[in-house]
Amino acid sequence: MQSFLKLADDERTRNIVVRTWVRQIRELAYDVEDCIEFVLHLDKKSQWWRRLLPPFVSAARQPLDEAIAEIRQLKIRVEDVSSRNARYSLISDSGSKPVVVHQQPPSAARAAMGATAFHMLVEATDITKRQHGDLTQLITKKDGGLQVVSVWGTGGDLGTTSIIRKAYSDPESCQNFACRAWVKLAHPFNPHDFIRGLTAQFYANTCQELHEEALRGVLTRSEATQDDYLKEFVRQVNDVRYLIVLEDLSTMAEWDAIRTFLPDKKNGSWIIVSTQQFEIASLCVGHSYQVLELKQFSADHSVYAFRISR
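Residue 310 is where the sequence shown ends in the working numbering, and the numbering goes up by one at each step.
Do not rely on the hints blindly, as some may be mistaken.
[Unchecked claim] With a cut-off of at most 25 Å between alpha-carbon atoms, the simulated SDA-like pairs for lysine to any residue come out as follows:
| no. | residue 1 | residue 2 |
| --- | --- | --- |
| 1 | Lys141 | Leu292 |
| 2 | Lys142 | Ala253 |
| 3 | Lys265 | Gln296 |
| 4 | Lys141 | Ala253 |
| 5 | Lys184 | Asn238 |
| 6 | Lys265 | Asp170 |
| 7 | Lys231 | Asp170 |
| 8 | Lys266 | Ala253 |
| 9 | Lys141 | Asn176 |
[Stated by the list, open to error] If you anchor each label on the Cβ, the simulated ranges turn out as follows:
| no. | residue 1 | residue 2 | range |
| --- | --- | --- | --- |
| 10 | Asn238 | Cys174 | 49 to 59 Å |
| 11 | Phe189 | Ser162 | 21 to 31 Å |
| 12 | Gly286 | Asp34 | 32 to 42 Å |
What the hints contain is simulated information worked out from the structure, not anything from laboratory work.
Keep in mind the model is a prediction, meaning the values are calculated, not measured.
Even glycine gets a Cβ: it sits at the ideal position worked out from N, Cα and C.
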């Protein structure tokens, strides 16, 4: 659009029709920039996530709906001014003119940065389908590969811990998973402390019956090395079905580092990710995800689970 305007400025003095067309496209450019600013600030408003709530909670028109409607109208207007130029040849062919590379305007750069966030908001609007789920029933299903579920609440971490704890401590979970661990992540992430913590948690919760003697030797030896912990940890995650809760995951860099220690051994293990960030919750399970409402505490506070769509 910026290129159109620059080229049109060269033509407008020779054609009164072009002047009108340039004025229209310039107004369109301003409207596009305003829409971009509105979209980029959607996630900073506390009410955007209300689109995830059941329809009876609020019938008022939400900012996300307004943004989607505005974008559709802008798309129609862009196509209209473009076709009008093609139909009436309002600006001459610029193919013979030298090509000048201009720095990307700030509005375009902001649009690029906000594209992913906006896409996620629209996607969440489309896919939730107001489905409800139970975390305990979800993680105790017999699935072959390593499964991941993210838990995120619209009111921060309020209520999410109790929901995860209930599923984690459920007798059916204890029976289905030979090893269980609940780890609150430190920031910055320390892989050595992470392995040590998981190994100790596995032992303290459920693994003592399986590897009691070997693991006690590793944990009690003061000279135990990181290799000792790593070998015992690898043996555990390779041989048994485990359940791991990762509390307070804050970045995808942390997630990528953790996944290197938890490969998919096709043994039906589960990872529960607890995060306060919508984006992290969705990205951990992949682009094609399903959203389940685990519990609604109030009209303004619900807890959701993100899992891979099947």
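Outcome of the hint check:
1. A hinted pair counts as satisfied when its Cα atoms are at most 25 Å apart, and lysine 141 with leucine 292 qualifies at roughly 16 Å.
2. The straight-line distance between the Cα atoms of lysine 142 and alanine 253 is roughly 29 Å, outside the 25 Å bound, and the hint therefore fails.
3. Distance restraint check for lysine 265 and glutamine 296: the Cα-Cα separation of roughly 35 Å exceeds the 25 Å cut-off, and the hinted pair is therefore not satisfied.
4. Taken as a hint, the lysine 141 and alanine 253 pair is broken in the structure, with Cα atoms around 29 Å apart against an allowance of 25 Å.
5. With a CA separation close to 22 Å, the supplied pair lysine 184 and asparagine 238 stays within the 25 Å bound.
6. Proposed proximity of lysine 265 and aspartate 170 is supported: the alpha carbons are some 24 Å apart, at most 25 Å.
7. Pair hint lysine 231 plus aspartate 170 does not hold up; C-alpha atoms about 29 Å apart against a cutoff of 25 Å.
8. The suggested pairing of lysine 266 with alanine 253 holds, with an alpha-carbon distance near 24 Å, which does not exceed 25 Å.
9. With a CA separation close to 9 Å, the supplied pair lysine 141 and asparagine 176 stays within the 25 Å bound.
10. Distance hint check: the CB atoms of asparagine 238 and cysteine 174 are about 21 Å apart, inconsistent with the given range 49 to 59 Å.
11. In this structure the supplied range 21 to 31 Å holds for phenylalanine 189 paired with serine 162, their Cβ-Cβ distance being about 25 Å.
12. Hint check: glycine 286 to aspartate 34, Cβ distance near 34 Å, so the stated range 32 to 42 Å holds.
When the structure is compared with the earlier hints, violations turn up for hints 2, 3, 4, 7 and 10 and for no others.
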